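Participant: Starting from the structure of chain A, add chain B where the hints point.
Protein chains: 2
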Amino acid sequence: MHVVVLGAGIVGLQSAWHLRLKGHRVTVCDPDVAGGATYAAAGMLAPVSEVQFGQERLYPLLVAARREYPRLVEEVGRATDLPTGFLDNGTLLIGGDRSDLERVRDHARVHTEYGLNIQRLATQEIQQREPFLNARIAGGFAAPDDAQVDPRVLCVALRDALSRELDPTEFPGVGPAVEWVAERVERVTGSADGPYAVHTDGGTEWAADRVVVACGMGCTSLNGILSDLSLDLRPVYGDILRLRPRDPVGADRKPVLSSTIRATILGRQVYLVPRDDGEIVVGATVREDGLDGIHAGGVHELLEDAITVLPALRHFEIADITARARPVSPDDIPYVGLIPKAPGILVSAGYSRHGILLAPLGARLGAALLSGETLSSEDAELLAAMNPGRIEREAAPNHSLTQKGPANGNHHR
Amino acid sequence: MHVVVLGAGIVGLQSAWHLRLKGHRVTVCDPDVAGGATYAAAGMLAPVSEVQFGQERLYPLLVAARREYPRLVEEVGRATDLPTGFLDNGTLLIGGDRSDLERVRDHARVHTEYGLNIQRLATQEIQQREPFLNARIAGGFAAPDDAQVDPRVLCVALRDALSRELDPTEFPGVGPAVEWVAERVERVTGSADGPYAVHTDGGTEWAADRVVVACGMGCTSLNGILSDLSLDLRPVYGDILRLRPRDPVGADRKPVLSSTIRATILGRQVYLVPRDDGEIVVGATVREDGLDGIHAGGVHELLEDAITVLPALRHFEIADITARARPVSPDDIPYVGLIPKAPGILVSAGYSRHGILLAPLGARLGAALLSGETLSSEDAELLAAMNPGRIEREAAPNHSLTQKGPANGNHHR
Chain A
1 MHVVVLGAGI VGLQSAWHLR LKGHRVTVCD PDVAGGATYA AAGMLAPVSE
51 VQFGQERLYP LLVAARREYP RLVEEVGRAT DLPTGFLDNG TLLIGGDRSD
101 LERVRDHARV HTEYGLNIQR LATQEIQQRE PFLNARIAGG FAAPDDAQVD
151 PRVLCVALRD ALSRELDPTE FPGVGPAVEW VAERVERVTG SADGPYAVHT
201 DGGTEWAADR VVVACGMGCT SLNGILSDLS LDLRPVYGDI LRLRPRDPVG
251 ADRKPVLSST IRATILGRQV YLVPRDDGEI VVGATVREDG LDGIHAGGVH
301 ELLEDAITVL PALRHFEIAD ITARARPVSP DDIPYVGLIP KAPGILVSAG
351 YSRHGILLAP LGARLGAALL SGETLSSEDA ELLAAMNPGR IEREAAPNHS
401 LTQKGPANGN HHR
Chain B
1 MHVVVLGAGI VGLQSAWHLR LKGHRVTVCD PDVAGGATYA AAGMLAPVSE
51 VQFGQERLYP LLVAARREYP RLVEEVGRAT DLPTGFLDNG TLLIGGDRSD
101 LERVRDHARV HTEYGLNIQR LATQEIQQRE PFLNARIAGG FAAPDDAQVD
151 PRVLCVALRD ALSRELDPTE FPGVGPAVEW VAERVERVTG SADGPYAVHT
201 DGGTEWAADR VVVACGMGCT SLNGILSDLS LDLRPVYGDI LRLRPRDPVG
251 ADRKPVLSST IRATILGRQV YLVPRDDGEI VVGATVREDG LDGIHAGGVH
301 ELLEDAITVL PALRHFEIAD ITARARPVSP DDIPYVGLIP KAPGILVSAG
351 YSRHGILLAP LGARLGAALL SGETLSSEDA ELLAAMNPGR IEREAAPNHS
401 LTQKGPANGN HHR
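For the record, the sequence lines run as chains A and B. With this note's numbering, the residue at position 275 of the first sequence is 275, and numbering never jumps. With this note's numbering, the residue at position 229 of the second sequence is 229, and numbering never jumps.
Keep in mind the hints are simulated off the structure, nothing from the lab. Predicted model, so just to flag it, every value in this text is computed and none were measured. Treat the hints with caution; some may be incorrect.
To be verified - If you only want the chain B side, here are some residues facing chain A, beta carbon under 10 Å, derived:
id, residue
1, Arg244
2, Val282
3, Ile294
4, His295
5, Val299
6, Leu303
7, Ile321
Glycine is no exception: its CB is placed at the ideal position from the N, C-alpha and C atoms.
Bound-form chain A, shown alone (with noise of 0.2 Å):
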């Protein structure tokens, strides 16, 4: 089968990616590879961590989703020579004053609660792991089993790993190398059960039997059979600053943070993720004010605290400040199933703040459902819960969507 991923960011990639592994012939287009919200994320693999209270059904997807990184990540580097990104480093959750800490505790109640491990540190205990931090923090927790993956890193590597041809004694099966596009896709005509075509605003027209929309906000903008996709997605805002020691990290110069830092100070939130050569990722404001452009009084805050947490990064340079818009569901789940009145056509879509995290979850189940795979009731079970269908748009109680499709027949709401 010829599928065509609209959008090549986290998702679409390893969409394609997963396709590719079934063996079919990929077509992706983007004009911006992985340019998106997802050039902006820091990529925490924190599957408890990342969640607000009350998402109850969001937890076990990220749960899920973050056991599948490491065989991508394997996967992934197989296929390339390129670094992956990926890296075992954990989380510290910390508490700036007493009242920090308490709302840092019920964070970690939700660790154990989900069978992940957490562990109480005390404040020596802490200063011992991570001597540059701010001594008069209250305390935290060690989520030893957390991740990190480096999106613009993975990225890279997963568009080698798409473009090169690989060993079918390797990868038994695999399709062929990916085709690029570098042009953004306006529409897709078709009948319901396809072939589909694809339109680009270059003009240019492809046939695909299979479909996946993995373009984040750009899906609410697809005309053709897609005109009333209707999908609830409005963009959440994000600011992140990426800041670069002074002094290369290297044999003889250790990095001032090893773990990721997720801290409660004063009640605002900022977390330090430091990549291997000492960058280290200050994130982020969540703002649903319709600004495109970086945040003043966002990133202010962000220095504030990152310093308050970290003193020595007041000393840092700042390499970069990207910030972009996360594609948000009403739940904050994204929305990945087929469309009801043209079911060769996957939504991947909705991400939100988990992208990263989630997105060797959604693409492995899209993939097998647009493949028409059997699941595991377990992997039904995550599906189920992304279910497009799940949520109605008032303004268009028709267009529904549903996971209705070769391999589930169940329509959750």
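Facilitator: What follows is chain B alone, placed relative to chain A:
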């Protein structure tokens, strides 16, 4: 005469302008026109606000330079249709608390000493003039004769004015359009009195009757007869932000700030320079830490203080953050003078934090000196204060510089 100008920052461009007005043929060499310290500068034309205490020899230069701007802007404005970026919007000097206000008062006294217009404002008057300022400001002063020029805008205008054929009835005796060489000059060779040969990193060579060395920190790494120039210049880094309002300023939307603000907040300095399109320039750090890049702690403090002064800035977009090295002499006064061992070569560098303000003075006097004109006694005195020979480098006592030239026989130390 053919004059080659090394460096197309604010000083090189204005030097080229004055030389062209005198009828010379001018070639300007720079791989990055107006891309150095000029690109960062806010462009406040505020003679006294800018200086630090104890720089008595600098004040008269700044005061004299402020008077040069109207003529420069008028001349350049006649030669091009482009805006010059000049705005006559005055400064408010404000103090955050009583102790800050005491420091501002000291600065205000210097205004009075130099005959500059300065008025004490009641806090109600400040609020009336600038209603969006933090209402808890202790007090301040108005310096209504201060102005600003947007260096990026002015340099585009200067470049255009230099590149056009000009009408000799409008500009009597004007030289031909300037020739631009987008290459870095590596060395200057030739006999003491010229002609000289200017060699670029692009491998080209330009014959020159006279040379202007106006390449800032680059002046310290020239070879040939300039290899023992031994200017005592050090890089003093600055970070500066450009913030933009969410909604463009226009007929129906007033800017949140009209005067330039120089604030002292808990002992720290910050300035806010509002452009006529609503952009607000926030600066600037003063660092000698050798970091070329953007300093995280510096940006944090600038945002902190700027938002304290003008809380609405929190909602602005960070359009730009720039870090550059200012070329600074030991006494913060530029070097403007001829090279004793090659008196056809003029040095015009080391303008420190005052480059935009001082440029028209340094450029006019330097061009006159290089052209062998007789200076007024006032001009001769101003030039004498910038005599490069005033500072002897310990390492190279025999290579001091002097302004000894056709019009100025005194050697000042």
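Participant: All the hints need checking, so say for each whether the structure fits it.
Facilitator: A quick look at each hint next to the structure:
no.: 1; hint: Arg244; in the structure: holds (7 Å)
no.: 2; hint: Val282; in the structure: holds (9 Å)
no.: 3; hint: Ile294; in the structure: holds (4 Å)
no.: 4; hint: His295; in the structure: holds (7 Å)
no.: 5; hint: Val299; in the structure: holds (6 Å)
no.: 6; hint: Leu303; in the structure: holds (4 Å)
no.: 7; hint: Ile321; in the structure: holds (7 Å)
The structure is consistent with each of the numbered hints, conforming to all of them.
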